[in-house]
Amino acid sequence: NAGVTQTPKFQVLKTGQSMTLQCAQDMNHEYMSWYRQDPGMGLRLIHYSVGAGITDQGEVPNGYNVSRSTTEDFPLRLLSAAPSQTSVYFCASSSPGVAGVTDTQYFGPGTRLTVL
Amino acid sequence: AQKITQTQPGMFVQEKEAVTLDCTYDTSDPSYGLFWYKQPSSGEMIFLIYQGSYDQQNATEGRYSLNFQKARKSANLVISASQLGDSAMYFCAGSSASKIIFGSGTRLSIRP
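Residue numbers (our numbering), protein chains in the order written: chain W, 77 to 192; chain Y, 130 to 241.
Chain W extracted, bound-state conformation (with noise of 0.2 Å):
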């Protein structure tokens, strides 16, 4: 089972440079999520997403975009890469349980970005 998909594992971009990280789930999930987490530190929400044309802001969102044109994918883009930027990303996916509430989320392996 791929689970939660995440490209590239590795990115090195310089200050200025946008691109965008790749993310799919093969779950049917409805929910997916993006978070960052720089060194020492927990993960940070910076978009999420409530189903395929659904997005909402995190705690962290400047800086980046996300959309979700289907149930499988939610790419995130970095508009115009900082220093600060520089992390690991990780995508996840849920699906609603009781009362709507997420009770099990997948995450993906992660993206470390370096921006130099």
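Hint data in this document are derived by calculation from the structure and do not stem from the laboratory. These numbers were taken from a predicted model, which means no experiment stands behind them. Cβ coordinates follow ideal geometry from the N, Cα and C atoms, glycine included. Take these hints with a grain of salt, some might be off.
These stretches of chain Y come out as covered by chain W in the derived footprint (C-beta under 8 Å, 3 or more residues) [unchecked claim]:
id: 1; region: 143-154
id: 2; region: 165-178
Below, computed lysine-lysine pairings styled on DSBU-like, alpha-carbon distance capped at 35 Å [to be verified]:
id: 3; chain 1: Y; residue 1: K145; chain 2: Y; residue 2: K199
id: 4; chain 1: Y; residue 1: K202; chain 2: Y; residue 2: K145
id: 5; chain 1: W; residue 1: K85; chain 2: Y; residue 2: K132
id: 6; chain 1: Y; residue 1: K199; chain 2: Y; residue 2: K132
id: 7; chain 1: Y; residue 1: K202; chain 2: Y; residue 2: K132
id: 8; chain 1: Y; residue 1: K132; chain 2: W; residue 2: K90
Knowing the structure of chain W, use the given hints to seat chain Y on it.
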């Protein structure tokens, strides 16, 4: 949950001892969930245990149990009979509908 607080940046525990990792949460949602994840040095996020706000009993999964005290807004993780392989970062997280927020984590080190 809208805010998750983990107040223990690091802990050292002797092998085979039990360990409790603290987590408190703050939310105004009537329904919510609480998670614990393990992140070893390899970096992947491993789901350990889940507790729903509507669950009457504390969740258990093998050596892991979640001590859920709703009135205190706490959701502590208890690991019984710790093993060397338990050395890792541990994150508490809270969900309200589709949004899941993480705490800052606790680094657990098991001494042989």
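Those earlier numbered hints the structure runs against, lowest number first: As far as the earlier hints go, only 1 is violated by this structure.
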